[in-house]
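Peer 1: Sequence:
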Amino acid sequence: MCGRFSISIDAGTYNRFRISKGHAPPMVRYNVAPSQEVPVVRQDADRDNEILMMRWGLVPSWSRDRKSIHPIINARAETLLERPAFRSLVKDRRCLVPATGFFEWRVFNGKRPYYVHMRDNSPFAFAGMYDTWKDDAGGPTLTFTIITTEPNELVKTLHSRMPAILRREDEGRWLDGGVLSSEELSMILSPYPPEYMKAYEVGRLVNNPGNEGMSVIAPVSEDDSRKMQTRLALDGEK
DNA sequence: CCAGACGTTGTT
DNA sequence: GTCTGG
DNA sequence: CCAGACGTTGTT
DNA sequence: GTCTGG
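Numbering (the working numbering) for the first sequence: 1 to 238.
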């Protein structure tokens, strides 16, 4: 699935995603967690690509209150058109979530985090959907969810799901208002080719959402990894 | 017709 | 165990 | 996703 | 909003 990711927003982001409207402060984040605000790209009524801040964890517009519905951080690609909560969103509330990498926790042999990113470290976009929720006073909150799909051959070694990463040539079609058939959706949201990606184990710093900075994506040291496995082995003997 | 739900992940 | 907050 | 809290009463 | 269950 996708429950933590990294981003880098700078001047290049605007060219990369053809953004002509809106603003997001330049930022580098290594540990974005659900409920936090990050820059998202959508197409506005004038068909311009607009960047703006949204909160991770979809709260649908029809929610009575923020608590009655668990904010939805992921949506299954396979059933998008069947789910009542998503049908209207997949039609006209699609968005790009710029990212530089994401984390998966491998369950085998202790729950250990791995960082997954592009081989050339280039930025990319998750396929997302968003909505606007209004409180009693009419105050709007923009929220989004990240679509998940089957894992590719690389991520399969870590986890049973992975975020839907858009191929660059599909970003425009995902963003514009055109209706997408079930067949088009399954093509666009199919697993990203693993040959362009890389994954490595990181330290447990990422576990705490309060930790931020480059050290979060530092490879785990051989030493720490060995200690961890020893500890697990000892636990197993008890 | 109205009322009530509407999501994902994991279960080493 | 289960919920909330980040 | 993980970490951390999880309660009541009465209150300078 | 949109779907299911009664």
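Hints in this document: simulated from the structure, not taken from any laboratory.
Any given hint could turn out to be false.
Here are the simulated PhoX-like pairs of lysine-lysine, each with C-alpha atoms no more than 20 Å apart in a straight line [what the hints assert, rightly or not]:
(1) K91 to K156
(2) K67 to K134
(3) K111 to K156
Distance windows between CB atoms, simulated [to be verified]:
(4) K198 to S88: 23 to 29 Å
(5) D48 to P209: 45 to 51 Å
(6) N121 to D65: 19 to 25 Å
(7) F108 to N208: 20 to 26 Å
Model, not experiment: these values are computed from the prediction.
Note that beta-carbon positions come from the ideal geometry of N, C-alpha and C, so glycine has one too.
Peer 1: Hints numbered earlier in the text: which of these fail when held up against the supplied structure?
Peer 2: The structure breaks hints 1, 4, 5 and 6; every other hint is satisfied.
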